[in-house]
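Engineer: Here is what each chain is made of, one letter per residue.
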Amino acid sequence: MRMAPRDGPVSQITPEEVQRFCEFLYRRTGMSFSESKRYFIDRRLDERMAATGSPSFQSYFSLLRADAEHEIEHLINSFTVNETYFYREDAQLRCMTEDMLAGIVSRKPEGASIRIWSVPCSTGEEPYSIALWLMENWPQVDAYNIEIVGSDIDTRALKAAAEGIYGDRALMRLSPDIIGRYFTKLDEGSYQIDEGLRGSIEFSRINLIDSADMAQQRDFDLIFCRNVLIYFDDASRRVAAENLYDCLTPGGYICLGHSESMSRISPLFNVARFPDAIVYQKPEAKNG
Amino acid sequence: MPLIKGGGKAAKDSPKDAGPAAHLAALKSTDADARWSAARALAGQASAVPALAEALTSETAPRVREAIMTALMRVGDEASVKAMLPCLRADDAGVRGAAIEALQSMPDAVAPFLQFLFGDSDSDVRLLATELARNMPEAEATRLLCALIENESHPNVCAAAIDVLTEVGTRDAIPALEKCAERFATTPFLPFAAKMAIARISGTEA
Amino acid sequence: MAEAVAARTSEMKRILVVDDSSLVRLYYRAALEKSGFTVEQAINGLEAMEKVLSEAFDLVIVDVNMPRMDGLAFIAALRSEADAHIAATPALMISTESERQDMLAATSAGANFYLVKPVSEADLVKHAAVLTGASP
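Chains as they are written, first to last, in the numbering used here: chain D, 1 to 288; chain C, 1 to 206; chain H, 1 to 136.
The hints are simulated quantities; they were obtained by calculation from the structure and are not laboratory data.
Even for Gly, the Cβ is constructed at its ideal location relative to N, Cα and C.
A few of these clues could be false.
[Unchecked claim] Residues from chain C shown here face chain D by an in silico Cβ test under 8 Å; the list is partial:
1. Leu3
2. Lys5
3. Ala10
4. Thr30
5. Arg40
6. Pro62
7. Thr70
8. Met73
9. Ser105
10. Pro107
11. Asp108
12. Asp124
13. Thr204
[Claimed, not checked] Straight-line C-alpha distance at most 20 Å; calculated DMTMM-like pairs for lysine to aspartate or glutamate:
14. C:Lys9 to D:Asp67
15. C:Lys195 to C:Glu150
16. C:Lys195 to H:Asp83
[Unchecked claim] Ranges between beta-carbon positions, derived for each pair:
17. C:Pro191 to D:Glu98: 51 to 61 Å
18. D:Val81 to C:Ser58: 29 to 39 Å
19. C:Asp33 to D:Asp187: 50 to 60 Å
20. D:Pro109 to C:Ala10: 22 to 32 Å
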């Protein structure tokens with residue numbers, strides 16, 4: 001890594017080029033950065049230009065626009081924190097137990113099934129977080145059968161999810177009490193989640209843009225689909241949105257990552273505003 | 001234990017179950033859900049393009065219309081472009097916008113039509129069509145958009161073309177942008193837009 | 001001179017600019033910020049709807065022609081929002097000349113005023129000041 005003084009000339013990229021880049025990034029991903037983040041943007045751009053061997057901003061920008069070598073994915077990764085841990089973006093989990101579930105159970109008899117999908121679930125932190133949060137924060141949890149499914153395209157991640165072994169960092173947002181009750185300490189800094197929880201969540205491989213894959217997953221009341229659509233191009237997003245629509249029950253909700261917006265992707269869903277989060281809802285009316 | 005292992009739950013009408021003939025028939029159903037499912041099942045099938053094109057002309061449900069356009073987009077051939085082009089003249093802005101988005105995602109198939117669209121007598125069509133150059137290779141997009149603004153008389157069409165050039169234009173666009181700014185020197189916004197486009201393309205201060 | 005007057009009273013007034021063109025957003029934003037307004041942006045009507053639901057604005061400036069919920073649909077959705085405060089947000093509609101008929105529809109749908117593209121900085125700032133209550 002190149003060290004440069006914070007206030008010195010750190011980059012060959014001009015302000016106009018940064019603007020051009022930021023407009024593209026905003027249109028393509030919805031991520032937007034204010035002027036105060038100039039240093040941050042310059043550093044990331046310098047890194048990506050070096051990594052791709054681009055001699056100038058112009059040549060890097062051409063490569064980026066053409067998405068050569070999946071550069072958009074690499075770029076997004078360099079701009080985002082790719083860490084996954086328990087209770088990440090907990091405002092949506094709070095929104096689930098404070099608001100969304102009330103709407104969902106209002107359409108169901110007591111004792112009915114509530115189906116929740118975590119896609120992509122990566123190594124399992126998200127679906128297990130949903131389970132833990134429900135047991136800890138939803139008083140009606142015993143009145144319904146709750147089915148949680150975790151899916152991902154990466155079978156290695158799914159294997160790790162089913163094993164449910166995590167390090168200290170993944171557990172940093174959980175209280176010692178919760179860790180004590182739901183995890184078994186295997187080693188120093190290594191914990192395995194409760195066998196009952198591991199056995200109650202189904203893990204399966206899925207490709208969000210494969211309609212045949214997605215037809216195997218139906219009747220979800222709530223879908224967490226965070227930080228994945230941002231990587232897709234417009235065409236793939238559109239297909240994924242239609243697939244997700246078919247996986248939801250009418251009136252069901254979908255939660256995206258905090259920098260993502262379904263409104264940039266598809267008019268299929270309504271925006272639902274709750275105190276803790278903005279989420280998307282499949283309309284209840286059948287037609288239209 | 002309130003948590004139970006549910007697992008996958010397959011669609012009752014899995015696309016594999018029904019044949020293409022059933023889907024083609026369902027495109028004409030009075031039930032919007034049936035038309036939606038049919039359009040989704042026919043996505044990417046070149047042989048279904050004529051039926052999808054026909055369905056598009058009469059579809060009134062926005063959701064189904066989107067699905068038909070997605071289905072055509074996934075075919076991505078000349079016939080699917082032709083099926084969507086009339087939507088650029090629709091009275092409903094939602095139809096025009098949906099068509100632009102679908103067409104934008106098939107730049108190779110759209111490219112041969114662009115010059116023709118830029119010559120349309122309707123300035124609204126020319127304006128919308130500028131967006132179609134956004135996902136094209138930059139040299140070709142630059143050439144087409146510059147040819148448009150050289151002779152375009154409508155300031156809003158020029159403004160739209162300049163907006164796209166700001167993202168995709170190469171340095172070859174600079175003379176055409178300068179000329180356009182001169183031609184519309186007294187029109188609000190255009191000189192500003194051209195100046196910004198030149199600055200972004202050249203990477204130097206406006 | 002008009003700018004200086006607006007600047008004294010436009011402080012803290014928040015405006016949401018909605019247009020699919022980045023240059024148009026930049027143009028409006030530059031003009032409005034120069035006069036002291038705080039400006040947020042959205043790329044289409046749906047994204048604008050999300051923004052007005054999550055934070056209060058003193059004015060929304062919205063283009064008629066946009067993909068993913070056009071200006072007319074946005075105004076209709078805004079005016080029918082359950083939260084009365086959000087529903088009452090003033091809206092300035094911008095259209096191209098050939099959409100003049102839309103403008104009649106827009107005003108009846110609840111736009112407070114409209115301007116025809118291309119819009120000058122002076123016109124934009126003047127009407128923003130009036131509609132936000134930043135000037136009499």
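Engineer: With reference to the structure, classify each hint as holding or not holding.
Structural biologist: These are the hints, each one checked on the structure:
no.: 1; hint: Leu3; result: 4 Å, holds
no.: 2; hint: Lys5; result: 5 Å, holds
no.: 3; hint: Ala10; result: 5 Å, holds
no.: 4; hint: Thr30; result: 10 Å, violated
no.: 5; hint: Arg40; result: 6 Å, holds
no.: 6; hint: Pro62; result: 7 Å, holds
no.: 7; hint: Thr70; result: 5 Å, holds
no.: 8; hint: Met73; result: 6 Å, holds
no.: 9; hint: Ser105; result: 4 Å, holds
no.: 10; hint: Pro107; result: 11 Å, violated
no.: 11; hint: Asp108; result: 12 Å, violated
no.: 12; hint: Asp124; result: 21 Å, violated
no.: 13; hint: Thr204; result: 6 Å, holds
no.: 14; hint: C:Lys9 to D:Asp67; result: 35 Å, violated
no.: 15; hint: C:Lys195 to C:Glu150; result: 16 Å, holds
no.: 16; hint: C:Lys195 to H:Asp83; result: 42 Å, violated
no.: 17; hint: C:Pro191 to D:Glu98: 51 to 61 Å; result: 52 Å, holds
no.: 18; hint: D:Val81 to C:Ser58: 29 to 39 Å; result: 48 Å, violated
no.: 19; hint: C:Asp33 to D:Asp187: 50 to 60 Å; result: 53 Å, holds
no.: 20; hint: D:Pro109 to C:Ala10: 22 to 32 Å; result: 23 Å, holds
Checked against the numbered hints given earlier, this structure breaks hints 4, 10, 11, 12, 14, 16, 18; the rest are met.
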